[in-house]
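Protein chains: 2
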Amino acid sequence: MKKTDLEKAAGNGLINRRHLLQLGLAGLGSGVASSVLAAENNLKIEIPGWSKQPGPGASAYGVRSGHTEFMQRSAGAPNPLYPGGGASRSPLQHLQGTITPNSLHFERHHAGIPDIDPAGHQLVINGLVKQPLVFSYEDLLKYPMVSRIYFLECSGNSRALLGPNPPDGTAQSIHGLVSCAEWTGIPLSTLLEEAGVEDEARWLAAVGADAASMGRSIPLNKAHDDVLIALFQNGEPVRPEQGHPMRLFVPGWEGNVSVKWLTQLKLTREPVQFRDETSKYTDTLPDRSSEQFTFPMGCKSLITSPSGQMSLNRQGVYQINGMAWSGGGSISRVEVSADGGRSWADAAIESNQSEKALARFSIPWQWSGGDAILQSRATDSLGNVQPTREAILADRGRLSFYHNHCIQSWAVNGNGEVRNTYA
Amino acid sequence: MKKTDLEKAAGNGLINRRHLLQLGLAGLGSGVASSVLAAENNLKIEIPGWSKQPGPGASAYGVRSGHTEFMQRSAGAPNPLYPGGGASRSPLQHLQGTITPNSLHFERHHAGIPDIDPAGHQLVINGLVKQPLVFSYEDLLKYPMVSRIYFLECSGNSRALLGPNPPDGTAQSIHGLVSCAEWTGIPLSTLLEEAGVEDEARWLAAVGADAASMGRSIPLNKAHDDVLIALFQNGEPVRPEQGHPMRLFVPGWEGNVSVKWLTQLKLTREPVQFRDETSKYTDTLPDRSSEQFTFPMGCKSLITSPSGQMSLNRQGVYQINGMAWSGGGSISRVEVSADGGRSWADAAIESNQSEKALARFSIPWQWSGGDAILQSRATDSLGNVQPTREAILADRGRLSFYHNHCIQSWAVNGNGEVRNTYA
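Sequence lines, in order, name chains A and B.
Numbered according to my numbering, the first sequence spans residues 554 to 976.
Numbered according to my numbering, the second sequence spans residues 554 to 976.
One thing to keep in mind: the hints can contain errors.
For chains that are exact copies, the list does not tell them apart, and a pair is met inside one copy or across any two.
Straight-line alpha carbon distances no greater than 30 Å define the calculated DSBU-like cross-link-like pairs of lysine-lysine that follow [stated by the list, open to error]:
| no. | residue 1 | residue 2 |
| --- | --- | --- |
| 1 | Lys561 | Lys605 |
| 2 | Lys683 | Lys833 |
| 3 | Lys695 | Lys561 |
| 4 | Lys683 | Lys695 |
| 5 | Lys561 | Lys775 |
Treat the hints as calculated values from the structure; they're not laboratory data.
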């Protein structure tokens, strides 16, 4: 089949997925074609050393291959004025699937990672309750738990795109404050019912055991809905940097409210106005007033390959791959454009599409050596459509930087270099 | 509410789940009752040291809490006559959720773990194909991938239960050769279509790059169905002990056919009769004939808490927790008995119920200090019901030990000690 016979799906090289299986070597280009074997008896493969003698046997706790150690979270240098503060970002351009391995889940700390002995940790439920309660870790392990796959995203993720000039970043450096895991824990509603919530209670104040006493106020109706006291992350106890031995998990909302190292839940009439919901995590509007408690994360997607600072080393067909998520439901559609948004084609969704979890998409694209601007646009099960950067700025002004879920544009130039751009 | 008011779900203490939220402290017993606060102003909690000063900040690659390091795979001592051979078992009684963390996924090796450099590894597709193909790792990364959560179980798992006397084991030591992960990879059908399968091909011979050249024959209709060339495991590259840089993944079938360190796929008319499908992984029938290629894993479940070698340290209400899976579909029902199978109650399924993946179940149980035999029985979406040990033995005789998916019985005595038993 000639490349010119490929049915277009949208402008500038997006092609119909039904061609994929017919593309074969012609589609994938010289990288594969050069290794085609003319006949089986010409097959000459040198037996590699690792096939010639037995390797080490089974172990108690496995580690990843040394050949994959370049995949790392990016953490900035420690700031002596903000001890333990800061963040690390997941290497999104190197990962696949919807689960983030625990060792590469993004981090955001306000006073570093406390080393908590579960045997000395307590969770208190008090305030406007009929019966204040204290739970040990062992107590909580006795409760019924549910397992759900949910994304977690820092509300400050992708904020770099709201500045006046496009930063020369990667998927990791611009968008790496999002990850996804299977969280297993106790529905908070179970514990609230046991404590007995007083009629006048409207908010829940959650406090962590870190040295920042990180606290956030959460409306009680969300607390009764799908919030968990999470004890396990991808099957094992919650990692230290994710709140060991327990964290609040508030699905679909900005990560900061999923308070880590959770030690207190206090029922209140009004939000507490914690330091971390007044000095931070508040949106400054164009008239300089502050909008508080803007919790849900928007409908969002991102092409992870090709993405910023990658290079295309040949003309031919590429798989455009990416991830999508929404705090408002499941991902129902992802469209991709190769011409900066002038035309769009539907990508295939290559994973489960579950509520408030990452989804994966892909679509084939034929690069013929010209300029291109690659974009993706997600739609969720509630009908929310990912907005452009211009629409975000028009809506919110330039003083706000949380909750940016705008369309990411990657520019490809004639040399195959991929760079972040505004389009 | 008095305990005697609890509505029974089945004999010997299984209670209706709708009571759960009403049980509160009375139900959970003294462990919680002793820590109840009479009033909020009596709350005296000593501030722990970890809350008093900032901890370390973000890092490039996280590690688990030192307080959880007791959760380990159990690997036997190395056998000098079988270098690199053997297995390690997942600590099922300590894990929660449906995902097994990569470092604790069970292992089974026939010649240890090769340390493969992806840049020097090749996958060959040859035999009865129109065009033999060789792929590098980089080539394969260009193909479209799908992400699916699937269990993997060694066909020899749980074989200890077929011996004449019940071994005094744990969930890990008896059943720990099962795990579950999100596998991301290329549908094998994509690559077969590219190679062009000759009409007379019926089988696929898969060979690993380990020093055992582990090989298995797989019927071509399964290969065209849901088999993957898996490159990623829970979001990161497949771990060395799981086949880095690539493995075959054959959903729902005995683990051995998901050939690790995959280096060759040869299309054939007949099965190859590899060493590992004649000397092993073959069922000896009562007439001493051998049944080969018994691939699918049965419908199975297991109570992980309480389980073997645990102790109940108080009378009162416990959550019975466990896991269920089937090679034949999704888990549609799990029943639990506390009286050795005389009466059964439906457990709640506390996770997604997806095809060929682990599911989690639980049910509350009131232990009043007497003897009990705890069992679980799974049913899958095809209507398969997990059989008793007696039924397995009657069906297959005592010469066969693969594919044991019988009901597990845990005996609880008056001291609260939990032991494996036959019932």
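Each hint, compared with the structure:
1. Taking identical chains as interchangeable, the C-alpha atoms of Lys561 and Lys605 are never at most 30 Å apart, the minima being 48 Å within one chain and 62 Å between chains.
2. Taking CA atoms no more than 30 Å apart as the test, Lys683 paired with Lys833 passes in neither setting, with 33 Å inside one copy and 63 Å between copies.
3. Proximity of Lys695 to Lys561 under the C-alpha cut-off of 30 Å is restricted to the inter-copy arrangement: shortest distance 20 Å between copies versus 57 Å within a copy.
4. Taking identical chains as interchangeable, the C-alpha atoms of Lys683 and Lys695 lie at most 30 Å apart only when both belong to the same chain, with a minimum of 22 Å there against 59 Å between chains.
5. In this assembly of identical chains, Lys561 and Lys775 lie within 30 Å of each other by CA distance neither inside one copy nor across copies; the values are 45 Å within and 32 Å between.
The structure fails to meet hints 1, 2, 5 from the earlier list, while all remaining hints are met.
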